[in-house]
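Top to bottom, those sequences are chains A and B. First residue of the first sequence? That's 449 in my numbering, and the numbers climb one at a time after it. First residue of the second sequence? That's 166 in my numbering, and the numbers climb one at a time after it.
Hints may be right or wrong, so weigh each one.
With a straight-line cut-off of 27 Å between C-alpha atoms, the simulated DSSO-like cross-links for lysine-lysine are [claimed, not checked]:
(1) A:Lys983 x A:Lys1102
(2) B:Lys377 x A:Lys967
(3) A:Lys1116 x A:Lys1055
(4) B:Lys377 x A:Lys1107
Don't read these hints as lab results, they were simulated from the structure. Everything numeric in this text was worked out from a predicted model, so none of it was measured.
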Amino acid sequence: MKNRTMKMTYTALVLVAVFLAAVMPGRADAVVAGPTDVTIKKACISMPDGTVTAPGGTPAITCPAGTIPMWLPYDNVGAAYLAPGSFKITAAEGDSLTITVKNELGIPVSLFIAGQVMTPNNGPVWFADITAPYTGVTATGSRPTPVHPADPSDPAFKYRVRSFTHETAAGAAGLPGAAQTYIWPSLKAGTYLILSGTHPSLQVPMGIYGVLTVTGAAWPAYDQEATLLFSEIDPYIHNAADDVAKSFPSTNDYKPKYFLINGKPFPGNDPIPIGAAASTTLLRFVNAGVDTYVPLLQGQSMQVIAEDGNLKAPELQFIRYSVDLHAGKTFDALLTNPAAAAYIPVYDRRLYMSNAAEAPGGMLAYLEVPDAVQHQLTVATNGGTGTGRVVAESVPGGINCDSSIVPPAPGATNCTQLYNAGTELKLVGRANPGSLLTTWANCDSITPSNECLVTMAGAKSVTATFVVVTAPTLIAPAANAQIPAGSSYIITWAAPAKAATYTLKYSLDNGVTWVLIGKNLTGNSFLWIVPTPRKSTTTALIKLTAFNNAGVNMGSDTNTVSIKTLAIIHPTTGDVWTSGVNNLHDIVWETFAAPGLVKSIVIKYSKNNGASWLPVATLDNTSGAYDDGGTYHWQIEPQVGANKPASRVKIILKDAVGKNIASADSKKFTITP
Amino acid sequence: MNNISIRKLYRTVIALALLLLVPLAAGAYDIPGITGTSPNPVFNLTTGVGTVSTGEGNSLHMWLFGMSGGTVQYTGPTLIVNEGDSVTINLTNNLPVPVSIVIPGINVAAAAVAPGTALPGILTKEVPADNGATTVAYTFTASLPGTYLYHSGTNPPLQVEMGLLGALIVRPAGFDAVTNRIAYNDPASTYNHENLFLLTDVDIRVHEAVEKGNLTAIDFADYHDVYWFINGRTLPDTLSAGNAPWLPTQPYNSIPRMNPGQTILYRILGASRDPHPFHTHGNHHLNIARHSQFLGAGATLAWNAFTTAVYPGDTFDALMTWTGQGVGWDVMGHADDIDNPPAGFSAGGPPGPEDFDNNGNGIFDLCANQPAEAFEDPADHCLPLPVIMPSLQDLTFGMFYSGSPFLGAFGALPPGEGGFNANAGYFFMQHSHSEKELTNFDIFPGGMATFLIVEPPSAPVQ
C-alpha cells in the first residue's frame, strides 16, 4: 500500500542520514573567514533595494533624502560597508575568533555573541547618571558597593548596565577611537548572532548585527548552506537616533516599516542560490530583529536539526515547513532540494510583507535551484518623458528597476536578472508621482491592468514607457467604457507630482447632480461599488478632481461611460415575426449586472406600442444561467387580423425579493398572423 | 436536611436514567466539510464578497471562498480527501483582485484551465479578477495524512486577513469511518470524534478600508486585531448550531462533545498573523502531530500540554480524553448509603430510595458492590463529594451549572438560573489564553472561545 511504502522510504532515509552523520563528519573549515577587523560607522541605506552608501557633508554625517541612517560595521580590510546580512564570519568548532573593533559613532559600542563564551570579558560597564548616560561617571565589572546598603537612595543603586562586555570607545568628532579586541577562544558549533552589547535595544536595530556560523564534527553532512537573517527597520527611530548629541530615543514605541531578509526586503532582493537539484542544503535561520517572525517554505518541508546552535537528538529533529523565529533565535534545518530546477518562496507567515504602505514587499525571498539553462531579463524604464519603477511581482522577483533618472533613484537599481529557462514573470510598472505608465515594449502579452507578462524562453529586453502627467487623468474607466451595474470596479488615475489628494464623483443626469464616490483619497486607485440604476442603460459621468497639499484644486478629468444593465438585441427594427404553432423566434438580450444580482427575468410583449402588455414568460435565474443575458425561444400565440407593426417586447430583470433591477423595451417590430 | 433530599433527587434521576438507558450507540462526530471522491477528488471553489457577523452584533465585510454556485463562507469549505488522492481544486474568482491558493506543507501545482490564462504571482499562479471567466486548477497529491491550512497566496497580508482561508483534512489510508477512526497510520492516533479549531482574527480597520474601497490606504506593518474566531465564529456564536440560518456565511460551529472514556481528535490550525495560546482548561491534551508530522511511532514523542502555542501557519493534531480521573469525587455519584447500616432491608423494613440493587437479586448493595462505569478509574469509584454543598442561598451560579456536581444529574436551582446544560454534562472552556482575545471588539465575553462538553453516558454523543 502506498502509505507503507512511503513510511518505509522515510524510515530508510532517516537511517541513511543517521549513518552518514555517524560516518562522515560535517564539513570543517580550518580557518576563520570573514571580516574580523571592522569600524562601526554611520551609513545610509535606501529601501527597498538595501543599497548602503556613505553619508555626505562635513563631517560626513548627513544621509541624503530618501535614505535611512544606520550604524554599520565597515570592513577595514575589504574597504566596504557591511550592509545588514553581509557581516558574516565562518569558522570551525574549537577555533579561536578575534574581532577587532574601532568606533566612529561618538558613543561607545561593544560586541557579544549569545551562546559563545568571550574570554576575557571585562564588562559589564555601568553608568551612574541617566541624564548623562555617555558622559557621566561609569564603573566596570561589578556595580559599585553601596556605602549605605540599607538606604535605597544610596548613589550606588542608581548605576545601570550600559554594555554587557568591555566597550570600544569613540574617537573625537567622528574619528575612530582606539581599537578594542573581542576574543572567543574556543567556538561552539552552530549558528549565532553577533550583536552590539551596548544599549542593544537601540544599537542592534540601528545595524550592529551579524552572523557567525561554526561547523561541527558531529553535525550531519550537507552539500551547501544558506543563511536567512531576519531584521527590521523603523525609520522614525533611526532618524531620531541619528543625532547622538541628543539623548537616545526610547525604543518602547518601536514600529518597523521595513522587514528584511539578509538586509533587503522584496522586491529589492535577488533569488538565493541553494545548489543542485536533489542535493542537501543547510538553511540557517537567524533573527536579529525585535519581533517574532515565522519563516515558512512554500511547498517544501525541512528537518530542523539544531536550535540556538545546539544539535538536537536525532529523534527530536522534526520535519516542519516553518520555524518560530523569536527575537535572537537561531535554527538550523536540512532541506532536500527539489528534484528539478525550481524556485522555493520563503516568506514570513506573520505576513510582514510590505514596505511602508506598499505591498507586496517585506519578508519574501526565493531559494533558487538553478536550471542548466538560464536567460537574462533586462529592463529599462526610460522609454518616455516620465519616471517610474518596474517590479517583478511574481516568483522569483529579482527586478526592481528605475533607470529613468541618472543616477538611479535610491532604492531601485536592480534592472537585470538571470532566470531559469521557462520562468514566467509579471512585471508591474509603478509610476512616480506625476508620471503615468503608458506602454511596454517586448512583452509577450499585456494584461487588462497594463502589466507585462514574459516567459523566459531566451534573453529578453523589456522597456516601460512612462509619460509626464500635466493634468489629472482618469485611466480606468476610459471614455465610453461599459461598466457592469452592481459590480466592484477599480477606478485608477494619474496626476501631476504635486497632487496630494483626490475626489471621485459620478453623475447620472449629465452633470446636474453629482454623487460622491470618495474624497480625500490618496494613492491612485479606488474600489467603486457601481450602482444599479433602474434603467437598462445609463450614461454616467465619472469625475476625478485633484488637490495639492494646500487643498487647492488642481483640475479635473471627466469621462463619459455607460452603466449598462440590459440591452435587447432581438426583436429589433425590421424584424417581422410570424405567430403560430410552427414558428419559433428568438428573443435575445444581454445583461450587464454583477453575477448573482438578477434572480428572475420577466418577458412581456405588446401589440399596441406599449399601451398594454401580455405575458410571454418568467425565467428563473437562480442558477445564474442568464447572468450575461440569454435567448428565449418564443412561440407567439396565434394572431388574427392585420399585422401589428407597433409590437414591442419588454424584459424586466428582478432581484431576489422581486424588485425590479432594470427593464427595457425593444424597438418596434412586426407580428404577423 | 437539604443535602439528603438533594442527594435523593440525584439518585432518583440517575436511577431513572439508568433504567431508561438504551444500549449506547457507537455515535461518532465528524468534522463537517466536503468529502472528495477518491482517488481523484475535484473541488470547484469560487471567491466572493461576504458579510460575517460577530457576537456583539457587528458585521464585517470579508472576501471569502465558497463552493461554486453556493454561498461564500468563513472559514472556507473544509475539504476532506484520502491519503494518496490526486486532488484538484478548480478556482474561479468574483473579487476585484486576483486570488490564488497555497497549502503550507504541500507542493501545489497551478495551471489555468484552457482557454483561460493564469497570472504569475508572488507565491503561485493566480486567477485574474474577471468575474469568474477564468478557472485555475490547483493540483497536488495528498501524500501525507494530516491537517492542513489552505489560503490565498496573493497579497497575503490583505487577503488572508480578509478571510480567504480554510482547512484541508487528509485521512490516512487505513481510515474507516466506522471501524478504524485514525488520524495517522498508527493506532495511537485512534479517536471517537473529531473537531476542528481553525483560529483566526480580524483587524477591523482593514475590512472597513476595503469596504469603503480604499485598498491603497492600508499599512500592513501596523496590525491590531480586535476580533478572534474559531471556525469563523466568535463566542457565543461558536456555541450555536452548525448551519444556523441567521449565520449564512458562517456554517461551522465549534462545540467539542464527548462521553467519558472517549477521545476527541482536535485539529487545531493557526491562520492569523499572531500566535494564539490554545488552552484546554481543566485538562491536558496530547499533541500527537505538528505540521502533519506524527510524533514518533506509537506517539512516543507526543507531549501533554494544557496550552499549546499555535503559531501562524501551524497545524496541530491533539487527542482529548476525559475519564474523570483525578476530579476528586465519583462523577457518577455512586456512593454508600447515607444510612449506615442501610435503612431498608437490614433494618428489617422495605428498601429505601437510596438502596441500589444493581443485579436484581433482591440484595441491596453497598457502593463498593456497584459496578464502576467502563471509563472510571477504580480509585475514583465511590469517592464521595469532598465538600458539603452550601445551600442555594449561599451560591452564585454559572449558566452551565446543572444544579448537581454529578455527571448526568440535575439539581434544584433558583428561578432563572441554569437551562444551558441540556444533559447535565461538564463544561470545560477551550480558548485562547491571551485573555484580551476573549472579547468582541472590547465587549466581554466573546472572541476565541468555546466549551468542551463531557456528556453523561446517558446522552451518547452522535
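Outcome of the hint check:
no. : hint                  : in the structure
1   : A:Lys983 x A:Lys1102  : holds (12 Å)
2   : B:Lys377 x A:Lys967   : holds (11 Å)
3   : A:Lys1116 x A:Lys1055 : holds (9 Å)
4   : B:Lys377 x A:Lys1107  : holds (26 Å)
Checked against the numbered hints given earlier, the structure satisfies every one of them.
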